[in-house]
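**Q** Residues per chain are reported as follows:
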Amino acid sequence: MIGVGKIKQYSNVLDKPLSKGKQEVSLSAFSFLFSELVQYNQTQVDNIAELERRLEDAGYSVGARVLELLCHREKGNRRETRLLGILSFVHSTVWKVLFGKVADSLEKGTEHEDEYMISEKELLVNRFISIPKDMGTFNCGAFVAGIVRGVLDGAGFPAVVTAHFVPVEGQQRPRTTILIKFAEEVLRREARLG
Amino acid sequence: MAAICSLFIINKSGGLIFYKDYGSAGRMDTNDSLRVASLWHSMHAISQQLSPTVGCSGIELLEADTFDLHCFQSLTGTKFFVVCEPGALHMEALLKVIYELYTDYVLKNPFYEMEMPIRCELFDLNLSQAVQKDRVALLGR
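In the order they appear, the protein sequences are chains A and B. So that you can map any letter, position 2 of the first sequence is 11 in this note's numbering, and since no number is skipped, the others follow by simple counting. So that you can map any letter, position 83 of the second sequence is 86 in this note's numbering, and since no number is skipped, the others follow by simple counting.
Derived from the structure by calculation, the hints contain no laboratory data. Treat the hints loosely; a few may be bogus.
In silico DSSO-like pairs for lysine-lysine, Cα to Cα no more than 27 Å straight-line [as the list claims (entries may be wrong)]:
#1 K136(B) / K105(A)
#2 K31(A) / K110(A)
#3 K190(A) / K110(A)
#4 K105(A) / K25(A)
#5 K23(B) / K142(A)
#6 K111(B) / K23(B)
#7 K130(A) / K15(B)
#8 K31(A) / K117(A)
#9 K130(A) / K117(A)
#10 K84(A) / K190(A)
#11 K110(A) / K111(B)
#12 K111(B) / K136(B)
#13 K142(A) / K111(B)
#14 K15(B) / K111(B)
#15 K25(A) / K117(A)
#16 K31(A) / K111(B)
#17 K31(A) / K84(A)
#18 K190(A) / K105(A)
#19 K99(B) / K15(B)
#20 K130(A) / K111(B)
#21 K82(B) / K23(B)
It should be emphasised that the depicted structure is a prediction, and the values quoted were computed from it without experimental measurement.
Could you put the whole structure together from the sequences, leaning on the hints where they help?
**A** Structural data, given as structure tokens:
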């Protein structure tokens with residue numbers, strides 16, 4: 010029989026390599042769960058800024074855990090200590106694990122030194138979501154912004170992270186940009202490290 | 004040549020939650036469309052009771068001289084129906100596609116309230132694409 014004998018028997022559970030886990034979950038199941046998360050939080054707030062903050066907080070806890078897990082699983086218990094390193098870790102490793110693909114783009118802000126942007130044509134969490142007109146610029150990507158903030162904060166790069174819709178020429182749908190504004194201390198440390 | 008004249012979606016209590024006109028024929032004002040929706044809801048329910056076959060799920064196709072009406076009822080009682088030109092083909096398939104779009108872009112949208120009128124940008128967008136595709140398929144034949 011094919012494959013027999015290939016599975017190594019480990020007497021000690023600690024010797025077993027950490028399983029990669031199931032790589033994919035149902036998009037529908039996730040969408041319904043996320044939809045409920047947004048609906049629940051909507052009942053708990055009385056303005057949009059508050060809703061955005063709550064979604065971000067929910068994402069923050071995800072981010073903190075994701076960082077821990079991925080550093081162990083993908084990086085052999087090491088984590089990035091440099092600014093560009095951690096940004097590309099978020100842009101590729103984290104995105105790939107969470108959304109099944111690397112983010113569409115990672116850019117440095119043109120106006121400010123401390124700003125970076127991760128852009129996504131169609132953010133997975135926004136796939137089925139239409140924002141009603143009366144909610145203005147609200148973006149459910151706040152949850153993803155929270156995840157990014159969780160990862161960065163956990164890795165020692167405190168930052169303010171926000172999600173915005175950016176209209177694209179020739180496209181009906183705007184893309185979502187995750188704007189990362191690092192704290193002053195991060196940039197100072199980065200300068201010192203050279 | 005537009006095969007579809009209009010599309011209706013009615014909730015399980017017969018209220019119109021979505022209405023869209025295609026082409027110039029059979030254009031209706033808001034009151035008329037609401038009336039058609041609740042009429043169809045009742046007729047559908049009556050047909051279910053009067054049908055001689057056991058376990059009948061209601062009218063699926065109404066053929067008139069000037070139009071056909073295809074109806075699809077989901078398991079939860081939401082009804083989708085299109086009014087189209089007589090003899091237009093593939094309407095069942097189109098209704099299934101529309102149902103799929105409804106489950107994706109309406110039911111998974113946290114800002115949609117159940118049984119209420121559908122106002123979802125993504126649903127409109129994908130719906131017009133699906134209908135467009137249907138028209139292209141018609142032209143290709």
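**Q** Do the alpha carbons of K130(A) and K15(B) lie within 27 Å of each other, as the hint requires?
**A** violated, 36 Å
**Q** Quick one, are K25(A) and K117(A) close enough, alpha carbons at most 27 Å?
**A** Violated, because 41 Å separates the two Cα atoms, which is more than 27 Å.
**Q** Verify the proposed pairing of K110(A) with K111(B), using a straight-line Cα cut of 27 Å.
**A** holds, 22 Å
**Q** Given the hinted pair K84(A) and K190(A), is their Cα-Cα distance within 27 Å?
**A** holds, 25 Å
**Q** Holds or violated: are the alpha carbons of K23(B) and K142(A) at most 27 Å from each other?
**A** At roughly 20 Å apart (the allowed maximum being 27 Å), K142(A) and K23(B) satisfy the hint.
**Q** Holds or violated: are the alpha carbons of K142(A) and K111(B) at most 27 Å from each other?
**A** holds, 18 Å
**Q** When you check the alpha-carbon spacing of K130(A) and K111(B), does it fall within 27 Å?
**A** holds, 19 Å
**Q** If you draw a straight line from the CA of K31(A) to the CA of K111(B), is it 27 Å or shorter?
**A** Answer holds: K31(A) to K111(B) is near 24 Å, not above 27 Å.
**Q** Has the given pair, K31(A) with K117(A), been kept, meaning a C-alpha gap of at most 27 Å?
**A** violated, 34 Å
**Q** Take the C-alpha atoms of K31(A) and K110(A), compute the straight-line distance between them, and say whether it is at most 27 Å.
**A** holds, 16 Å
**Q** Run the distance test for K82(B) versus K23(B): straight-line Cα separation, threshold 27 Å.
**A** holds, 14 Å
**Q** Check the hint pairing K190(A) with K105(A) against an upper bound of 27 Å on the C-alpha distance.
**A** Roughly 22 Å separates the two Cα atoms, so the pair holds.
Hint compliance for this structure: hints 1, 7, 8 and 15 are not met, and every other hint is.
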